[in-house]
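One letter stands for each residue in the lines below.
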Amino acid sequence: MTEENQLYRLVEDGQRLVGEEFLKGEAKIPDEALDEYVEPMPSGATGNLQTLDSSVERILNEYSETDTAMDGALAEDVHQCLDITRRTAGDPGLWHWIAVDRYPDFVRHRWEYRSEAAMREKFLGAGSDLYSNAIHRLWWIAELTSDGDDYTLTEQVFANQTIVNKVFDRWFARYQPAVVAICDELADERSGVIDEATRRFNHALTNVQLEALSEEDARNLTRRVIQDVR
Amino acid sequence: MTRKPNDTTGEAEWFFFSGGPGAPRYGDDPTKHSVDHDSEAFVREVLQNANDQGLDNEDPVRVTFRFVTLSGEDKERFLNTLDWGSGLRGRLNAVSRAKHGRRYDDLVDEIDNPDSELRLLIVEDRNTTGLTGTWEEDSNYAALVRDELYSSKQDDTAGGSYGLGKSVLWTFSGASTVVFNSYPMESSGSTQGPRVIARSKFPTHELPDDDTTYQGAGWLCEPVQTEDGVRPMSIRGEKAEQLAERLHVGRPATSGTSAMVVDFQDPTRDERPDIEDLAEEFVEASVKYFWPAIFRDDLEVTVETSEETYEAKTEDVPSIRPFLECFKSRFTENELLDSPGDVAGLNIPLNIPPRADGTETPDGEVRLAARLASPADDDTYLNRVALFRGAGMVVKYYDQSRVAFGDRNFHAILASGEARTDFPPSDPDQEVDRFLRFAEPPEHDEWESTENLREQYQRGFRTALEDMFETMRDGLRHLAAKSNGGTDILSDNVLNRFPIHGNGAPRATGNSAPSEVFEIESSSRFDGERWTFSGRIEPIVENFQGWTAEISLTGIGEDGSRSDEIPVESITVDAENVTKIHENGTARLVAEASTENASFEGHSHATDNEDMLSGKVGETQIEIRAEIQTTEGDES
Numbered sequence: 001m002t003e004e005n006q007l008y009r010l011v012e013d014g015q016r017l018v019g020e021e022f023l024k025g026e027a028k029i030p031d032e033a034l035d036e037y038v039e040p041m042p043s044g045a046t047g048n049l050q051t052l053d054s055s056v057e058r059i060l061n062e063y064s065e066t067d068t069a070m071d072g073a074l075a076e077d078v079h080q081c082l083d084i085t086r087r088t089a090g091d092p093g094l095w096h097w098i099a100v101d102r103y104p105d106f107v108r109h110r111w112e113y114r115s116e117a118a119m120r121e122k123f124l125g126a127g128s129d130l131y132s133n134a135i136h137r138l139w140w141i142a143e144l145t146s147d148g149d150d151y152t153l154t155e156q157v158f159a160n161q162t163i164v165n166k167v168f169d170r171w172f173a174r175y176q177p178a179v180v181a182i183c184d185e186l187a188d189e190r191s192g193v194i195d196e197a198t199r200r201f202n203h204a205l206t207n208v209q210l211e212a213l214s215e216e217d218a219r220n221l222t223r224r225v226i227q228d229v230r
Numbered sequence: 001m002t003r004k005p006n007d008t009t010g011e012a013e014w015f016f017f018s019g020g021p022g023a024p025r026y027g028d029d030p031t032k033h034s035v036d037h038d039s040e041a042f043v044r045e046v047l048q049n050a051n052d053q054g055l056d057n058e059d060p061v062r063v064t065f066r067f068v069t070l071s072g073e074d075k076e077r078f079l080n081t082l083d084w085g086s087g088l089r090g091r092l093n094a095v096s097r098a099k100h101g102r103r104y105d106d107l108v109d110e111i112d113n114p115d116s117e118l119r120l121l122i123v124e125d126r127n128t129t130g131l132t133g134t135w136e137e138d139s140n141y142a143a144l145v146r147d148e149l150y151s152s153k154q155d156d157t158a159g160g161s162y163g164l165g166k167s168v169l170w171t172f173s174g175a176s177t178v179v180f181n182s183y184p185m186e187s188s189g190s191t192q193g194p195r196v197i198a199r200s201k202f203p204t205h206e207l208p209d210d211d212t213t214y215q216g217a218g219w220l221c222e223p224v225q226t227e228d229g230v231r232p233m234s235i236r237g238e239k240a241e242q243l244a245e246r247l248h249v250g251r252p253a254t255s256g257t258s259a260m261v262v263d264f265q266d267p268t269r270d271e272r273p274d275i276e277d278l279a280e281e282f283v284e285a286s287v288k289y290f291w292p293a294i295f296r297d298d299l300e301v302t303v304e305t306s307e308e309t310y311e312a313k314t315e316d317v318p319s320i321r322p323f324l325e326c327f328k329s330r331f332t333e334n335e336l337l338d339s340p341g342d343v344a345g346l347n348i349p350l351n352i353p354p355r356a357d358g359t360e361t362p363d364g365e366v367r368l369a370a371r372l373a374s375p376a377d378d379d380t381y382l383n384r385v386a387l388f389r390g391a392g393m394v395v396k397y398y399d400q401s402r403v404a405f406g407d408r409n410f411h412a413i414l415a416s417g418e419a420r421t422d423f424p425p426s427d428p429d430q431e432v433d434r435f436l437r438f439a440e441p442p443e444h445d446e447w448e449s450t451e452n453l454r455e456q457y458q459r460g461f462r463t464a465l466e467d468m469f470e471t472m473r474d475g476l477r478h479l480a481a482k483s484n485g486g487t488d489i490l491s492d493n494v495l496n497r498f499p500i501h502g503n504g505a506p507r508a509t510g511n512s513a514p515s516e517v518f519e520i521e522s523s524s525r526f527d528g529e530r531w532t533f534s535g536r537i538e539p540i541v542e543n544f545q546g547w548t549a550e551i552s553l554t555g556i557g558e559d560g561s562r563s564d565e566i567p568v569e570s571i572t573v574d575a576e577n578v579t580k581i582h583e584n585g586t587a588r589l590v591a592e593a594s595t596e597n598a599s600f601e602g603h604s605h606a607t608d609n610e611d612m613l614s615g616k617v618g619e620t621q622i623e624i625r626a627e628i629q630t631t632e633g634d635e636s
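In the order they appear, the protein sequences are chains A and B.
The first sequence begins at 1 in the UniProt record's numbering and counts up one residue at a time.
The second sequence begins at 1 in the UniProt record's numbering and counts up one residue at a time.
It is possible that part of the hints are untrue.
[Said to hold, decoys possible] So the derived label-pair ranges between C-beta atoms look like this:
hint, chain 1, residue 1, chain 2, residue 2, range
1, B, Pro-273, A, Glu-155, 49 to 57 Å
2, B, Thr-332, A, Asp-83, 32 to 40 Å
3, A, Leu-60, B, Ser-561, 30 to 38 Å
4, B, Phe-405, A, Arg-16, 49 to 57 Å
5, B, Asp-527, A, Arg-190, 35 to 43 Å
6, A, Glu-4, B, Asp-399, 45 to 53 Å
7, A, Asp-31, B, Ser-306, 51 to 59 Å
8, A, Asp-83, B, Phe-405, 40 to 48 Å
9, B, Glu-569, A, Asp-83, 54 to 62 Å
10, A, Glu-155, B, Glu-565, 35 to 43 Å
11, B, Asp-357, A, Thr-85, 32 to 40 Å
12, A, Gly-25, B, Asp-59, 53 to 61 Å
13, B, Ser-71, A, Asp-53, 51 to 59 Å
14, B, Lys-580, A, Arg-190, 35 to 43 Å
[Stated by the list, open to error] The following residues of chain B were derived to be distant from chain A, with all beta-carbon distances above 12 Å:
hint, residue
15, Pro-114
16, Ala-217
17, Glu-360
18, Glu-365
No wet-lab data here; the hints were simulated from the structure.
Since we're looking at a predicted model, the values are computed, not measured.
Don't be surprised by glycine CBs; every beta carbon is placed ideally from N, CA and C.
Taking the hints into account, I'd like the entire structure generated from these sequences.
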């Protein structure tokens, strides 16, 4: 029997608590300071945070720092433990709370500090940019590539960081049939092919309406482009 | 018709007009069927009436909805005062015996049942004109007490120009009876009162012990014999005050009207809702439709039950909060929405045709403001535009979901007429307000082409409205468009329609800021085989030694990101002293100090009839990077 916990969001003003020292992992934000800027999700959304806590704990123990394999190892659990609507997941405040308050150690374990701006994005990205906040990114990619409880494609995608980079940093990544088609078709390709094919695909979408494509259409389009690029 | 008129100190009694042979016969109240009635509609209509009758001063119109539940002796005393036993019950029995049915039968049983409760709703407005005038004239009093579907309202900004609203009072009365107590504000500026009268609206009926046909409309009044026959007069003075108290419709001696709905019930519901639930619905409906008036302190709404008093506060209804934020920030200088919560605005022109009498009208504008929705917002009215004018009532939450795209949802307002600014309205604002008022149908829930508009304005009113909405939609598209990601052709087209953005000349480059050193024009198109382009470059600074311009073509992705370069194959220039250099598919023009401007034309290499789905041909932007050499150094 698992227990559901209330989910929270970090309000916009709370972002000022996130300074360089925190991003580097050299300072913590006191709980009482955070409490002032954290509020329950207005939708009343809940999640199974106990399970997620232990998954994150396991990842921190099992994987060395910056190992990209931890994405694939955690994505399914993030998605299952946060069984929320896309609308709820569209609230940046939720992901800011999760990254800043709940799992800052994971964010720092996964992402090396290269610059303040880059690290801020890992903590305070989110919203319409799928490829930003460290945990938001896992949830959305799992959301767009899973099929019910089947996370096969999610695992394939995370096994190939070129796909993660080239597909999910683009606008068409918000349209699930296209995501499924292109990720599936590109799964075994070389990174050079993935790079060029996603660029061509994106360019072709200026001629056809993305949302009018079925998964089959998107698959045909991808195949056509891949053949040309190889 | 033979009732003897009472003298001035007489008791109130029920008076019904007799129809006489050939007089029109009424079924149920004809106005009952004209509006889609639920409690929300009730609140909206009633508040609109009160709001329109506001006095011309700084104070708000105050409206209190008061629920009173009577049982036992209280109920009996009330019914006696209302003259239920000898005045109304017999008539309702007569009505129910006729073909009009069971509703009245059940009603009589219910009211006569000593164990059942009687629900009253008193709508008390203050700082309003009250029921001024007499039966004989075109007055507030006559419009409410005498007429059907006839309006007599304060001024040009008033919400109603049909008088339909008042009928809801009877629609929501199980006993089809409403009692009024009014302190009218007379033209002298003094408050006269109280003035008490009740009105019933029954179907046409006959009583068993006389052979008169009664029309159906009845008054608890002082029937007075006049030259034109008997007229129902309101009770005045101390008698009125006492009567009002006994009927639970007493009020403070300030100008305004209290209207009591006897046996309040929602005709659209089978079950009687709990009073506290009803009170909360009333508060929510008040805020939903009147937040502009409430926010501007033009209107205060309170709902009282025996247990609690609720005040309608704009901040308590989450679904309208985003609209309120739009309204507060509607004159922001932002013209783009970047992050959730941002508000941006545009002026939307409304070109009003001349009035029917030939008077020219000034062209006006209304203010569109949109707020990018955040997932934390209540989404009840997501992607809707709240339309309202000076009356401060939201006419409609206009669904514009088609304009939203991707995750860029919004809430928007169209603040119009006397609600456009917070300052005293300009002449155009007043004309816009008048025009839109006449564009409202009886339900006041649209701005559309109406008979009223046809009467008041010359041809072109329909186009004026359509153009306003069309521009509003384009404006929304522009506001909701992606604010990053490069060339947005749709958005540029839209910009051309809004004078504040300048002349809408084509942009020279996709991403960079407009040049301060050069004036650059360019255009490009795909001719089926290749991209052709042309343009003109002119330095706008004085004293330069020469300049260069690099012209390139770049394919872009769906999201505006750069894709491959499209090599320029050929370029021609019309100016002398300009050297052309081709490098890696880019054309470079090098001009000398004497070259004041240069026009150019060129084309890319052919695409070899590439398939549109190959990813090799698609949206392309022309980029022009120009640099000038001056005596002080280079600028670009």
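Hint by hint, here is what the structure shows:
{"no.": "1", "hint": "Pro-273/B x Glu-155/A: 49 to 57 Å", "result": "holds (53 Å)"}
{"no.": "2", "hint": "Thr-332/B x Asp-83/A: 32 to 40 Å", "result": "holds (38 Å)"}
{"no.": "3", "hint": "Leu-60/A x Ser-561/B: 30 to 38 Å", "result": "holds (35 Å)"}
{"no.": "4", "hint": "Phe-405/B x Arg-16/A: 49 to 57 Å", "result": "violated (32 Å)"}
{"no.": "5", "hint": "Asp-527/B x Arg-190/A: 35 to 43 Å", "result": "holds (36 Å)"}
{"no.": "6", "hint": "Glu-4/A x Asp-399/B: 45 to 53 Å", "result": "violated (34 Å)"}
{"no.": "7", "hint": "Asp-31/A x Ser-306/B: 51 to 59 Å", "result": "violated (46 Å)"}
{"no.": "8", "hint": "Asp-83/A x Phe-405/B: 40 to 48 Å", "result": "violated (27 Å)"}
{"no.": "9", "hint": "Glu-569/B x Asp-83/A: 54 to 62 Å", "result": "holds (56 Å)"}
{"no.": "10", "hint": "Glu-155/A x Glu-565/B: 35 to 43 Å", "result": "holds (37 Å)"}
{"no.": "11", "hint": "Asp-357/B x Thr-85/A: 32 to 40 Å", "result": "violated (57 Å)"}
{"no.": "12", "hint": "Gly-25/A x Asp-59/B: 53 to 61 Å", "result": "holds (60 Å)"}
{"no.": "13", "hint": "Ser-71/B x Asp-53/A: 51 to 59 Å", "result": "holds (58 Å)"}
{"no.": "14", "hint": "Lys-580/B x Arg-190/A: 35 to 43 Å", "result": "holds (40 Å)"}
{"no.": "15", "hint": "Pro-114", "result": "holds (46 Å)"}
{"no.": "16", "hint": "Ala-217", "result": "holds (51 Å)"}
{"no.": "17", "hint": "Glu-360", "result": "holds (46 Å)"}
{"no.": "18", "hint": "Glu-365", "result": "holds (32 Å)"}
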